[in-house]
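Colleague: These are the residues of each chain, in order.
There are 2 protein chains.
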Amino acid sequence: MNSKSIKIFCPATVANVNCGFDALGFALEGIGDEMVFRKTKTKGVTITKITGEKLPMEAHENVAGVAGNAMLEAVSADFGVEIEIHKKIRSGSGIGSSSASAAGAVFGINQFLENPLNNLELTRYAMKGEALASGNEHADNVAPCIYGGTTLVTGYDPFKIIALPPMDTVYVGILHPHITIKTKEARAILPKQVPLADAIAQSQSLASFVASLYEWDKELFQESLKDALVTPHRKQLIPHFDEVKHISEKNSCIAHGISGSGPSMFCLAFAEADIENYLTESVALYISNGLKVDSYSSRINGEGCRVIG
Amino acid sequence: MNSKSIKIFCPATVANVNCGFDALGFALEGIGDEMVFRKTKTKGVTITKITGEKLPMEAHENVAGVAGNAMLEAVSADFGVEIEIHKKIRSGSGIGSSSASAAGAVFGINQFLENPLNNLELTRYAMKGEALASGNEHADNVAPCIYGGTTLVTGYDPFKIIALPPMDTVYVGILHPHITIKTKEARAILPKQVPLADAIAQSQSLASFVASLYEWDKELFQESLKDALVTPHRKQLIPHFDEVKHISEKNSCIAHGISGSGPSMFCLAFAEADIENYLTESVALYISNGLKVDSYSSRINGEGCRVIG
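Protein sequences, first through last, are from chains A and B.
By the count of full-length UniProt numbering, the first sequence reaches residue 309 at its end, each step adding exactly one.
By the count of full-length UniProt numbering, the second sequence reaches residue 309 at its end, each step adding exactly one.
Hints listed in this document are in silico derivations from the structure and should not be mistaken for laboratory results.
Among the hints, a few may not be true.
One copy or two, either will do: identical chains are not told apart, so a pair holds if it fits within one copy or between any two.
Here are the computed lysine-lysine pairs in the DSBU-like style, where the Cα-Cα straight-line distance is at most 35 Å [said to hold, decoys possible]:
#1 K192 x K245
#2 K250 x K160
#3 K184 x K226
Whole structure, please, built from the sequences with the hints as guidance.
Modeller: Written out as structure tokens, the structure is:
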């Protein structure tokens, strides 16, 4: 594609997914940003419009700008882009808001290249934007945003991502209580040392999760979606976490946990009604406690960023 | 099968496999015990002969006896078995000697049942024998001995084993330096607490290993076969470990580590010559240092225990 203007959808994403701290992530269908790209003769990224959130218009202060410029420079592009960013994903919600902008920028620019980059290369440049937001280059949100589906970051040296088999039949609920958790704070609350037994349990859970997708073993899938290392510490940052988890269990949902570093929570179920009930009851709980909350019902997005116009 | 006498092969096994402490194991083709079973009217297990190792003949003191009796009782068998055990796997070598006897016992008895048990049930009874040898019921050796190939113990509650995709093209070298490491000592040397970063790295390695088998991604397979948690501590129990590891790397082998709790080491390569060179040089190293060592070259056993007569 080499048209002068395109519009894309960039999905929200859930990282960590209980057993896969700093490794797993999946993309959502029900919520995402839109971005519009126009090819320009002027080199570099120019942000022309941002709606939905108050974010820097200066390219070097904006994750989309940083990611886009990193890529344009790396491929020695003889053109530039104007970008409009229409945010639907709230900043600081924990469902990959900055990642969607970073991933969207590189995905959008890729549409204008004669030799498009592959998903791994795109992820690498998107991480440059992600670093502006979070302080370090990590791929657990940008990878699923670009690849779609569920991704496993196997390591950074060498940098590798595995697109795991689809979990098409899963329904997702997202709850975003309106509190602020800084990524730094969420990191600081983690212990430096953990029991060896928990470390072993976690490695078995993540390996089981991966095997469960390849085998599509629903029982193992459910059993593996637990977290011995991180959630027990971070959940105290999220009011009513245990009550909401209890609501998810009561409604036969199969997994519940913190999305990324929070405050959003994700919930998985094999039946849409279970998610609807989980969301309804949990929203009521937060409202009755005087807290604002957003909720989203979604399927898994199998495609990642895509052109929509 | 319901004949009165059968002979079986029960393979040696490598557990842990670097990234999969207490979870992974694979079966060897090149070394294993033989056992002969005769159906008797007398109930229970009678050990009639043991060659190759000095082991208890009393059923309740012998892993094969304990495992076999646990199974015969559980299925309310109206018969018993006489068992001859011909050990080729040295006790205390770290390549599943007691597991082979325990797994062989239940596999052999299963041949006489009208409603044979499945592999998971067999593993469960074999673990009863394993517990006699090691003090606790674990499946990381008995599972690959029964299933063959490479197995992942995903957990004990619920107890589940995944037979992973084959790694048929891999060559294995085993080195057994003649030193004694008690399983208890190998456990005691492990730290109670480990760095969170190492725990995360380990979970990514084990998950990557599993994904690499399903994708048969040779690069990822090699990258994943490392150990952040256990080997750094246990290797000090094995003289010349680092030198032998260096020999494996120099010969283009793809992984090297401790088999189970040692003292045997395993080495993997994609070419048979690499394993031969690794074994030759490592054996020479031990001999020049005045230590006895056994060495074995093997393929992966894809079948587990099997009837051979």
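Colleague: Does each hint fit the structure? Answer for all of them.
Modeller: Tested hints:
{"no.": "1", "hint": "K192 x K245", "in the structure": "both (26 Å within a copy, 30 Å between copies)"}
{"no.": "2", "hint": "K250 x K160", "in the structure": "between (38 Å within a copy, 25 Å between copies)"}
{"no.": "3", "hint": "K184 x K226", "in the structure": "both (23 Å within a copy, 29 Å between copies)"}
Consistency with the previously given hints is maintained throughout, with no hint failing.
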